[in-house]
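S.K.: Each chain, letter by letter, is given below.
Number of protein chains: 2
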Amino acid sequence: MSKSATFQINLQNIAYNYNYIKSNVNHCGAVVKCNAYGFGATKVVEHLINNTDCRSFFVNDINEAIEIFNVSKESDSKIYIMGGFFDYEIEEIWSRNIIPVCFNKEQIMLWSEHCKKCNKNKPISIQIETGLNRLGLDINDFFKMKSILDSIGIDFVMHHLACGYEEYSTNNSQLEKINQIQGCKKSLSSSCGILLEEKHHEGLSRIGRFLYGSNEQSKNIPLKSVGKLTAFIISVKNVLKGEYVGYSQGYQAQKDIKIAIVNIGYGDGYAIRKGFAFTNGSYAPIISCSMDYLTLDVTSINLNDDKVELLGENITFEKIANWNSKIKGMEITCNLGSRVKREYININ
Amino acid sequence: MSKSATFQINLQNIAYNYNYIKSNVNHCGAVVKCNAYGFGATKVVEHLINNTDCRSFFVNDINEAIEIFNVSKESDSKIYIMGGFFDYEIEEIWSRNIIPVCFNKEQIMLWSEHCKKCNKNKPISIQIETGLNRLGLDINDFFKMKSILDSIGIDFVMHHLACGYEEYSTNNSQLEKINQIQGCKKSLSSSCGILLEEKHHEGLSRIGRFLYGSNEQSKNIPLKSVGKLTAFIISVKNVLKGEYVGYSQGYQAQKDIKIAIVNIGYGDGYAIRKGFAFTNGSYAPIISCSMDYLTLDVTSINLNDDKVELLGENITFEKIANWNSKIKGMEITCNLGSRVKREYININ
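Heads up: the protein sequence lines correspond to chains A and B, in order.
When you line the first sequence up against full-length UniProt numbering, it's residues 1 to 348, in that order.
When you line the second sequence up against full-length UniProt numbering, it's residues 1 to 348, in that order.
Be careful, since some hints might not be right.
[Unchecked claim] Okay, derived cross-link-like pairs now, EDC-like style, lysine to aspartate or glutamate, Cα gap no bigger than 16 angstroms in a straight line: (1) A/Lys-3 <-> A/Asp-306; (2) B/Lys-237 <-> A/Glu-89; (3) A/Lys-3 <-> B/Glu-89; (4) B/Lys-3 <-> A/Glu-89.
For the record, the hints were derived by calculation from the structure and aren't laboratory data.
Just so we're clear, the structure is a prediction, and the values are computed from it rather than from any experiment.
Please take these sequences and the hints and turn them into a complete structure.
M.R.: The structure is reproduced here in structure tokens:
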């Protein structure tokens, strides 16, 4: 049996999470950008198409869209590029019936001209700037271009909540702004927004982190864990009181301790310097993290098993986010490197 | 021209850095673990073999070793696995004449038995624990196993400085410990150690970060920049005083500002939330970082060009480390994801 660090992905639990969310909203699609947050876009999309009614997929760029197109073209799926497009990409988008989510006047004009050139209108989606201050068309520009947009066809108008996890007043001000637009289908919410009042998740909800079992907030919803990251203890040693562990005397033992060296590090995308790993039924504090290794304090643990959980049912995304205020749990899965073996399972 | 985020790697500058370091030490090899710190192990090894006298390559596991073996087998190169080995890997290592760096008694015994079985001795290297408290054989165990090791053959004894960047007293205590072993070739130093007194870099030096132009300390050595990471501004907008930018009201404008959205984010491995990007001749503060985008404050910048440097001659590894005390610059290159295009150049 290989003792590489392994990321095990439970596809059935992705479908479970999709179905659970779907039962709570009107309509939803799957966000599969960034290689499905590191869970593997091709596998995730194939599984959702074969096992659920999910037929809307959201990516961020043309290459991701083409990857999804190649596995979904036999279905009746819609693929949305949330990052808009560059002029040189238009033919590749058009020829595959991919839907760009435009966020500026230039993109709308390019698409409109392409429609004229091809003597055919294909609808686009529009992202409206309502308060996140990231990508989004100024709402006044939307109204100025409304007649052009009406002739092309609007698939959805969309916005992105800045504080979806919390009941900030900005949620309502963002909603009021996008509701100035009437008579279009809307996509208002990503994962976190569906826990707010229903008015925030009318239309199509774009489900990302919830699909992958990540819910970094206090509200309890019964999502299933999807990813399990494990690695192996390859060395155990005693460290005497006063001795140091790791580079630049990063950790000093306050008493005699026992440490375990685990074969994963920041070079594998596991750049976690605060928190715990789970092994042999206990939580072991991380005391050092280098490119290839994590070091754990296992003083009080009876080590019968050399396997260590670094993400999963015991080390949840929420826990990692609590231990490291600046790190999003998804950062880990997106960045897991090629030394980490992927393993897909399909069991409940 | 594609406007994907791009990591441009100057192979000639890797060779330059190797030759510069080599002129300052007795003997050195290249650390190419973790896909050559993200610079591309195959390309780096091929270039070093074809353009320098580098013939010792250090990796961390069997898969990395096999990759290097496949591009170096026509040369007289030596490949070292610094992470030792598991029992089930021994035949793959043996058959390719790869040299494991053993760090425990079990590995030495396994190798010794395999030598007997094959009726042939092949030397191994040994890592000694001298104070980093990571992987390393207890020096007393080394002496207990000396006769077995002498019959197998010792390629190098090796240790790893815990505080190589600084003149800590531990450098000398580590050296004193490994110098209890006499009559073996030694490998004492990685990049940083070669800036210490000569006694710390006798034998074979293992050059990693210096090869890739990273020198996160104050001592000035004339390394050339090897990696240049760029991305593109895809949106510019004005934000009024008091408005927020990014998730959870992460940034509030203290005056009317102009922001630029750049198409790279933590999902691409660029998880930098503090510091600057370099664009149009100026340093622009990073004010927000999400999975797919960075947001910069470009209020005072005249934007003629939409290209942004995120790592390179202006945004050095050292600067990133200074802006983010917990982040090693190498963390970025190791973790750059598949959406970032790689581009190799070979110019001085």
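S.K.: Hint by hint, note whether the structure agrees.
M.R.: Right, here's what the structure says about each hint:
no.: 1; hint: A/Lys-3 <-> A/Asp-306; result: holds (9 angstroms)
no.: 2; hint: B/Lys-237 <-> A/Glu-89; result: violated (23 angstroms)
no.: 3; hint: A/Lys-3 <-> B/Glu-89; result: holds (10 angstroms)
no.: 4; hint: B/Lys-3 <-> A/Glu-89; result: holds (10 angstroms)
In the structure shown, a violation is registered for the earlier hint numbered 2 alone.
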